[in-house]
Amino acid sequence: MQKIPMTSNKQPDHPLDDLIRTDRIPHIWCPGCGIGTVFSSCLAALKGSGIDLQKTVMVSGIGCSGRAAGYVKLDSFHTTHGRAIPFATGLKLANPELNIVVFSGDGDLFAIGGNHFIHAARRNMDMTVICVNNLNYGMTGGQVAATTPHLAKSTTTPAGNPETPFNLPLMAYACGATYVARWTMLHIRDLTDSITEAICKKGFSFIEALSPCPVNYGRRNKQKPLDMLKLYQEKAIIKNDADPSTLDIDFEKGIILGKFIDLDRPTFIEEYDKIYRPSRLQENVPELNS
Amino acid sequence: MTKPAVLTGEYFMTGDVACAEGALAAGCRFFGGYPITPATEIAERMAIRLPQVEGCFIQMEDEIGAMAAILGSSWAGVKSMTATSGPGFSLMMENIGLGICTETPCVVVNVQRGGPSTGLPTQGAQGDMMQARWGSHGHYEIIALAPSSPQEIFYLTITAFNLSEKYRLPVLIMTDEIIGHMSEKVIIPEAKSIKLASRPRPKGRKDRFKPFAPGPNGVAPMPAAGEGYNLHITGLTHDEKGYPVMDVETQTEMMARITEKIQKNLDDIIQTDSYLLDDAEIVIVSYGVSARTSMAAVAEARKLGIKAGLLRLVTIWPFPEDQIRKLADRVKGFVTVEINLGQIHREVERCAGGKVPIFLVGHSGGTIIHPDEVVKMLKEAF
Ligand SMILES: Cc1ncc(C[n+]2csc(CCOP(=O)(O)OP(=O)(O)O)c2C)c(N)n1
Ligand code: SF4
Ligand SMILES: [Mg+2]
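Chains A and B, in that order, give the protein sequences. Heads up, the first sequence is in numbering that gives the first Met the number 0, so the first residue is 0 and it goes up one at a time. Heads up, the second sequence is in numbering that gives the first Met the number 0, so the first residue is 0 and it goes up one at a time.
Just so you know, the hints here were simulated from the structure itself, not pulled from any lab data. Glycine included, C-beta positions come from ideal geometry on N, C-alpha and C. Heads up, some of the hints might be wrong.
Here are the simulated DSSO-like pairs of lysine-lysine, each with C-alpha atoms no more than 30 angstroms apart in a straight line [unchecked claim]:
no., chain 1, residue 1, chain 2, residue 2
1, A, 72, B, 202
2, A, 72, B, 209
3, A, 221, A, 201
4, A, 9, B, 240
5, A, 252, A, 223
6, A, 72, B, 205
7, A, 46, B, 240
8, A, 9, B, 209
9, B, 205, A, 54
10, A, 238, A, 46
11, B, 205, A, 46
12, B, 354, B, 331
13, A, 72, B, 331
14, B, 202, A, 46
15, A, 54, B, 202
16, A, 46, B, 331
17, A, 54, B, 184
18, A, 54, B, 209
19, B, 2, A, 273
20, B, 209, B, 184
21, A, 46, A, 252
22, B, 205, A, 9
23, B, 375, B, 306
Below, a sample of chain A positions facing chain B; criterion: calculated Cβ distance under 8 angstroms [as the list claims (entries may be wrong)]:
no., residue
24, 48
25, 50
26, 76
27, 96
28, 148
29, 149
30, 220
31, 222
32, 232
33, 271
With the hints as constraints, model all of the structure from the sequences given.
See below:
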């Protein structure tokens, strides 16, 4: 640990400060919210990955999780609700040198933006998508999401959710993602390792990060702020390479975590260049961005 | 595989293809689209041509994604475009607003067909003119251009890119099925004779750079992602740094920035054209394909001794208010000719301010307006 002279009243710098817009702190996230932990895990991964951060872009949609783009000190875009992935697609195709990280919420990526997720995975668009899954729409006050467990309460399912939630890793796998993992924000080391791996891997990578929303989800489902964390600890079953079809979240039987998919197939840009722009495959071709 | 971006020569071309060639000549190197009649041919042409000029084409999963993708590619420093028709234009509205708010240059083409809803997919109309003005939520300024021929769509597409780069906003090309599908002679000039504009570029220290601090003409310089500026770009109300600040002062300042850069440069932006207007007593106001009909009607009216003239709007938005106001002081009346039930007509009415009578020749879409209908109105109304 760094030694601080007793006379100094300056706070020590946080090791991730150089990746944070400190002039935008305090952030908007509630006490007990898990987004900040997933965010710092993502920053640690960005730092540890060794990629060129000047060529790295974070794109978010709208929601509490989507505010991440406003705090990261990288080129960062806070777009419209659900549209981070197609916006990021445009960035990547126009400048393939950019490393793209999409950081957003479950509602953003899988309800309003679900179609874009499906197609970006199918195309194997080279980007890393991190979904903060807090089982509800936090920002708008706790409505039901495509991830809300069956029977769970929300402001728009006051007597319990009649619907069935998505199994996100299964969906990502079925759509063609080449890297799929799920962790909770409590499994911070594994989460950071997975994000690092995903960032360094070409192709469409997807990481689901379970994260508590005590204010809007917990409160309506008889959970005190620490209860969700206890569930993450007690119910976690780490099972790398688990069959994606077995990954429904079940807080009673257990939540399966791990890296499930890690495979290789050509990205959209590789295929496009092969078929349409073979001259770009040779060296020293002029850049698109001229 | 590489071919020139500017296909200098004389062609027999549809408006849609001429639009695509104009985009390439303007430096467009990214197209994100979704098929829709009668705009599909623009996407199809771009799919062939963009890789020939080291550009990139992608058919997105819908028009929402297409619009988002062209904003993203613009922030990567590449001139970008999409093309659609009514239903797709409706889907693009939210992200057109993001483009306005984040001051992102790009071009959106609407090859109009009859609406509302699925309407008349294969038949022309001019019914989206007010949607072009106000279709995205909130108050803003927009630029929209209306070409009257395949040749003009070639040039106006270049103009649209130049204006979008200069003033940093999405520029709309409001054409229609008739111009889009019509084949006519199109001359593509030599590349060196085409004047191109590019977004203002930042100078000075990167760490002190403010992406929304306006330059001399009210427009802020624009870097690209990956250049080391640590940009933050948001559709939330933001200050000059680009940081979200949700208060009345910041909202007022931001709105002033995005509206005044247009309002203070009207002379540079607005283009109109005229035919026998100098001594005209009755002025036809028209645009796009209907301006061609109107021109024939003016010629016919003159033969009948009616002193008619045409004011052809090339720029629809911002609206050429001053010109209409001045004309209202000296002419006997106006006739608006457009394929809708009175959209630009209301603007003419607003600007003429009750000084002279105003009539509409319009219908709800599906075909052109015949010159005879215009002549009939000229004979009956005045
Ligand atoms: C087009 C549109 N519809 C609705 C909204 C309102 N809205 C803002 S955030 C949000 C949900 C966010 O949920 P999620 O993505 O799960 O993020 P969280 O806040 O839970 O992190 C909604 C519906 C919006 N901003 N835009
Ligand atoms: S509402 Fe929920 S998700 Fe949003 S900041 Fe608060 S705790 Fe976090
Ligand atoms: Mg959520």
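Results of checking the hints against the structure:
no. : hint            : result
1   : A:72 <-> B:202  : holds, 20 angstroms
2   : A:72 <-> B:209  : holds, 14 angstroms
3   : A:221 <-> A:201 : violated, 42 angstroms
4   : A:9 <-> B:240   : holds, 26 angstroms
5   : A:252 <-> A:223 : holds, 20 angstroms
6   : A:72 <-> B:205  : holds, 13 angstroms
7   : A:46 <-> B:240  : holds, 25 angstroms
8   : A:9 <-> B:209   : holds, 28 angstroms
9   : B:205 <-> A:54  : holds, 15 angstroms
10  : A:238 <-> A:46  : holds, 27 angstroms
11  : B:205 <-> A:46  : holds, 21 angstroms
12  : B:354 <-> B:331 : holds, 9 angstroms
13  : A:72 <-> B:331  : violated, 62 angstroms
14  : B:202 <-> A:46  : holds, 28 angstroms
15  : A:54 <-> B:202  : holds, 19 angstroms
16  : A:46 <-> B:331  : violated, 72 angstroms
17  : A:54 <-> B:184  : violated, 45 angstroms
18  : A:54 <-> B:209  : holds, 19 angstroms
19  : B:2 <-> A:273   : holds, 17 angstroms
20  : B:209 <-> B:184 : violated, 46 angstroms
21  : A:46 <-> A:252  : violated, 36 angstroms
22  : B:205 <-> A:9   : holds, 27 angstroms
23  : B:375 <-> B:306 : holds, 14 angstroms
24  : 48              : violated, 16 angstroms
25  : 50              : violated, 12 angstroms
26  : 76              : holds, 5 angstroms
27  : 96              : holds, 7 angstroms
28  : 148             : violated, 28 angstroms
29  : 149             : violated, 28 angstroms
30  : 220             : violated, 30 angstroms
31  : 222             : violated, 30 angstroms
32  : 232             : violated, 35 angstroms
33  : 271             : holds, 7 angstroms
Violated hints, in rising order: 3, 13, 16, 17, 20, 21, 24, 25, 28, 29, 30, 31 and 32; the structure is consistent with all others.
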